[in-house]
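Just so you know, the sequence shown maps onto residues 327 to 386 in my numbering.
Hints listed in this document are in silico derivations from the structure and should not be mistaken for laboratory results. Keep in mind it's a predicted model, so treat the numbers as computed, not measured. Yeah, the Cβ is synthetic: ideal placement off N, Cα and C, and Gly gets one too. Do not take every clue at face value.
Stated by the list, open to error - Taking CB as the label site, the calculated pair distances span:
id : residue 1 : residue 2 : range
1  : G333      : D371      : 31 to 41 Å
2  : N382      : L351      : 24 to 34 Å
3  : E375      : V355      : 25 to 35 Å
4  : V355      : I331      : 18 to 28 Å
5  : C383      : A335      : 29 to 39 Å
6  : N358      : G333      : 33 to 43 Å
7  : L343      : A366      : 21 to 31 Å
Unchecked claim - Below, a list of computed lysine-lysine pairs in the DSSO-like style, where the Cα atoms sit at most 30 Å apart:
id : residue 1 : residue 2
8  : K350      : K373
9  : K373      : K357
10 : K350      : K365
11 : K364      : K350
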Amino acid sequence: MEKFILGVALGMAGGALIVANNCKLLNLVKKNQEDIMKKAEQYIDTKLEQLEQAGNCQND
């Protein structure tokens, strides 16, 4: 398990160095992060709305 964690950490560090040295990759990563955050926010909002609706139905 320790070898796996070490491998993941080294891979992340290597990937970060590659991305930091390449402007196009850096912009691509930023864009993908923004897209993922937007999708996550939309998912959370829909789940909250569903929970609120379910709570309102039970109160009636």
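Hint check results:
Our hint of 31 to 41 Å for G333 and D371 holds, since their Cβ atoms are close to 36 Å apart. Judged by the Cβ atoms, the range 24 to 34 Å given for N382 and L351 is violated: they are separated by roughly 47 Å. Look at E375 against V355: about 31 Å separates their beta carbons, and that is inside 25 to 35 Å. Between V355 and I331 the C-beta distance comes to about 22 Å, which sits within the given range of 18 to 28 Å.
A hinted range of 29 to 39 Å is violated for the C-beta pair C383 and A335, which are about 47 Å apart. Under the hint 33 to 43 Å, the C-beta atoms of N358 and G333, about 23 Å apart, miss the expected range. With their beta carbons about 27 Å apart, L343 and A366 fall inside the hinted range of 21 to 31 Å. Restraint check: the Cα-Cα separation between K350 and K373 comes to about 35 Å, which exceeds 30 Å; the hinted pair is violated.
A threshold of 30 Å between alpha carbons decides the hint, and for K373 with K357 the separation of about 25 Å falls inside it, so the pair holds. Between K350 and K365, the direct Cα distance comes to roughly 23 Å. Compliance with the 30 Å bound is thereby established for this hinted pair. For the hint linking K364 to K350, the alpha-carbon distance of about 21 Å falls within 30 Å, and the restraint holds.
Hint violations for this structure: numbers 2, 5, 6 and 8, all remaining hints satisfied.
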